[in-house]
Amino acid sequence: MKRRTFMISAGAAAGAALLPRTAFADANRIDWYTSSDANVTDFWTNIVVPKFVAANPGVTVNLVDTDAPGLQAIEARALAALANKVDPQADFFEGSEARLPPGALDAGLYVDFSKENLSNYSKLNPLAADIPQNITYRGSQVLLAYDTTKLSPDKAPKTFADLVAWIKANPGQFIYNRPDKGGSGGNFVVRAIWEANGRDPSMFKVDNYADATGQPMLQKGFDILKDIAPSLMDQGAYTSGNTQSIQLLSQGAVTMIPAWSDQALSAIKTGVLPATTGLVQLTDLALAGGFTKNTIPVNGLNKALALKLQDFILTEEIQSAVITELGGFPGVSWDYVSKELHDKYADVIPASIPTWPGGDWDKNMKDGWYRSVAPNVARS
Amino acid sequence: MALASASDIVGARKQGGRLVGLLLVAIPVILVAWMVIFPILSAVVTTLWQTGSNGVPAFTLKTYQFFFSDGYSLANLYLTLWTTALCALFLLVICLPIALYLRFAKGRLAAYVQGLAIFPLFVPSIVLAYAFIRVLGPNGMVDILLNAAHLPKIRTPYLTPWGPLIGLVWDHIPLTVLILLAGLGAVSDASIEAARDVGAGRLRLLWNIILPRLGNSILVAASFAVLGIFSAFTLPYVLGPAAPEMMGPFMQRTFRDLYDAPNAITQAVISFFFCIIFGLFYVRSIVNNQRNR
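Protein sequences appear in the order of chains A and B.
Quick note on numbering: the first sequence equals residues 1048 to 1427 in the numbering used here.
Quick note on numbering: the second sequence equals residues 23 to 315 in the numbering used here.
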């Protein structure tokens, strides 16, 4: 009995020692959260953080990859911390959006960058201009990746009408992913919606959605997609993500897919896609893209350091790395990037990057696609 | 000769032992009540008590009414029920022969078969999903082999309802085999021998001797399969079609993309309700079995 009691109490003590300890923020440790993919976290781990830490000794950066809902949860916690005047344990949000979580902008959770005198603030690309609580450092755009051995570059479609004609003439050779599972398919759906509504992205703003006017506009776009559905791979077998579409292209199951520029360039660089993969952008109206936004909470313990980090990632060194290592577009204007890079990537530099607003338009586009386009798959 | 007091043999700390036992079980019970039962009840209440259009919170069934009147949501529910039922059926049909073979066979081949049957347990679902795409996907390994043998190309199950079904069956084989094998352990060699001596053939052995003893295990295996597959997420997400989708990806999409918590919780409560029906059926059978013993 006595031995048994001893074993029980020893086990309890060991269990207590293994319990997770409560975490606290640390001065000189930037708590960095992101909603982006693993390629971005790798970029930060291997390139950005070592350079920043070398330039600022004594500082550490704690990188946490949470994915979009996780990031929202951390931001919601920061918002609650603001109300209760406690430590939010977060200093930097990458891949964020100042309008989320709802109420954060009005409560003043995020730093207003126009008032912070960042040394590189004036270099930002004007195409990326948004509310001052959102700041960017990288962008990406969806384009069409195709197999040049099956489709020669001079015959690659350059307008949306050409693309639709090509899809119908080559059934089973094109596929896109479901719009909520990956931006490449999502922005293709968006391009179809723009095509159906006069190719005017400015009709779609963050705050001008209403069911009565918005639904018919979306439905016209869905009609285009329903029209091409029987000519897609397996008559409409929409893949479940950016990576799966790239996987099918690399396996040769399809000839063309929409793909993010940065993912396509990384895939070609690492050999996932063969070097014979061609990239083309539509010339009548480009496929949508966007700039990734960062936000910094005002109540973070290391706000000054976080601002320094944001300024650091806008320097030429890091912006060039964004292009070469990540395959993305820089957040600064292309004039502030080295000339050789500017020339090398000239064919993917867009004149414009049309953007699709988040919020209600996005929600209804995605749900509407699932309800209108996806079920109309004739499987026989 | 004086007899030692009874407490020397039996132990004087019987009452103390009971308290220690209760304390030990109190911690997991409290954890389950706090982190599982309370959130479930809280979620159910959230769906039933919502702010109406006039801004006043009231009892309402509107999310449930929406779910059951929405063709799209019902199609997803039917797909989930269809997938779960077929998976359970396939699992039993595939795993019972494997378990029977492993019970009665001896030697090295049996060991290899067992290793092969247990192997899926060590493969994470996401690895399985991508491997599935490589093997059974378009222009995958199966296609290449069929092409080399000049056989006709079969339609790939990838991105059809059969994709997650095949993946889920493969993923649940080890657990089902292990449970059935454990149940077969209760079938004694003596009863098999006795039946054989009387002249029973293989089929009669199976039907009259083995299956009655195995009833409980089959039920346990089916429960694990059903409860696990009903809300499966990874394989339906990666391998399944865009629409209809299984309840797992549907709930995640409603919550994450549409930021629609009340409807997502409603879908979860409905899934929970179906799983509970099966769970209750299983518990009742176990209790009956215990009583009969």
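Hints in this document: simulated from the structure, not taken from any laboratory.
Note that beta-carbon positions come from the ideal geometry of N, C-alpha and C, so glycine has one too.
Keep in mind that a hint or two might mislead.
To be verified - Below, computed lysine to any residue pairings styled on SDA-like, alpha-carbon distance capped at 20 Å:
(1) 84(B) with 285(B)
(2) 1413(A) with 46(B)
(3) 1410(A) with 46(B)
(4) 1049(A) with 46(B)
(5) 1410(A) with 88(B)
As the list claims (entries may be wrong) - Some chain A residues close to chain B (C-beta under 7 Å, calculated; not the full set):
(6) 1049
(7) 1050
(8) 1053
(9) 1056
(10) 1074
(11) 1076
(12) 1284
(13) 1421
Said to hold, decoys possible - Just a sample of chain A residues kept apart from chain B, beta carbon distances all over 10 Å, derived:
(14) 1052
(15) 1055
(16) 1165
(17) 1280
(18) 1287
(19) 1288
(20) 1291
(21) 1295
(22) 1300
Hints and how they fare:
no., hint, verdict
1, 84(B) with 285(B), "10 Å, holds"
2, 1413(A) with 46(B), "49 Å, violated"
3, 1410(A) with 46(B), "48 Å, violated"
4, 1049(A) with 46(B), "16 Å, holds"
5, 1410(A) with 88(B), "18 Å, holds"
6, 1049, "9 Å, violated"
7, 1050, "13 Å, violated"
8, 1053, "12 Å, violated"
9, 1056, "10 Å, violated"
10, 1074, "33 Å, violated"
11, 1076, "29 Å, violated"
12, 1284, "4 Å, holds"
13, 1421, "4 Å, holds"
14, 1052, "8 Å, violated"
15, 1055, "7 Å, violated"
16, 1165, "31 Å, holds"
17, 1280, "7 Å, violated"
18, 1287, "5 Å, violated"
19, 1288, "8 Å, violated"
20, 1291, "7 Å, violated"
21, 1295, "7 Å, violated"
22, 1300, "4 Å, violated"
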